[in-house]
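Going by the UniProt record's numbering, the first residue of the sequence shown is number 1, and it counts up by one from there.
Treat the hints with care, as some may be off.
Taking lysine-lysine and the BS3-like style, the derived pairs with C-alpha atoms no more than 30 Å apart in a straight line are [claimed, not checked]:
| hint | residue 1 | residue 2 |
| --- | --- | --- |
| 1 | Lys113 | Lys8 |
| 2 | Lys113 | Lys55 |
| 3 | Lys8 | Lys55 |
No lab work stands behind these hints, which were simulated from the structure alone.
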Amino acid sequence: MNIETTLKEAMAIDGALGVALVDYDSGMALGVLGGGPGLDLELAAAGNTEVVRAKQRTLASLNMRDSIEDILITLGEQYHLIRPLTGANGTLFLYLALDRGRSNLALARHNLKRLEADLDV
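Start from the sequences and build out the full structure, keeping to the hints where you can.
Here it is, written out as structure tokens:
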């Protein structure tokens with residue numbers, strides 16, 4: 001599945017407000033969909049790059065031989081899910097912002113995992 005299709009399918013997740021595919025080496029978004037005045041996805045992509053890098057540095061400092069499955073940031077009205085991609089897409093992550101009142105967090109995590117498996121970059 002290509003980037004555009006992946007982003008469209010992510011926006012079909014209940015409660016989705018916006019989604020981005022981000023390269024955390026550069027902080028650049030390879031694709032965004034959704035967002036709006038209260039959610040600047042380009043800015044969020046750059047900021048979440050720092051979150052992923054910080055967590056990776058922490059894992060390395062602790063000599064943990066493990067990988068990040070996903071990172072959840074819980075806000076009063078939103079969930080922000082960050083899912084680093086594995087394999088050949090190892091410097092990318094999917095970022096999904098959800099309306100907390102209209103989403104099912106467990107189902108959203110499951111759907112992002114499925115989308116990751118089908119993504120071909």
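Fill in: Restraint status (C-alpha distance of Lys113 to Lys55 at most 30 Å)
holds (19 Å)
Item to complete: Starting from Lys113, check that the Cα of Lys8 is at most 30 Å away, please.
Response: Measuring from Cα to Cα gives roughly 15 Å; hence the hint holds.
Fill in: Pair hint outcome, Lys8 versus Lys55 [Cα-Cα no greater than 30 Å]
holds (28 Å)
The structure is consistent with each of the numbered hints, conforming to all of them.
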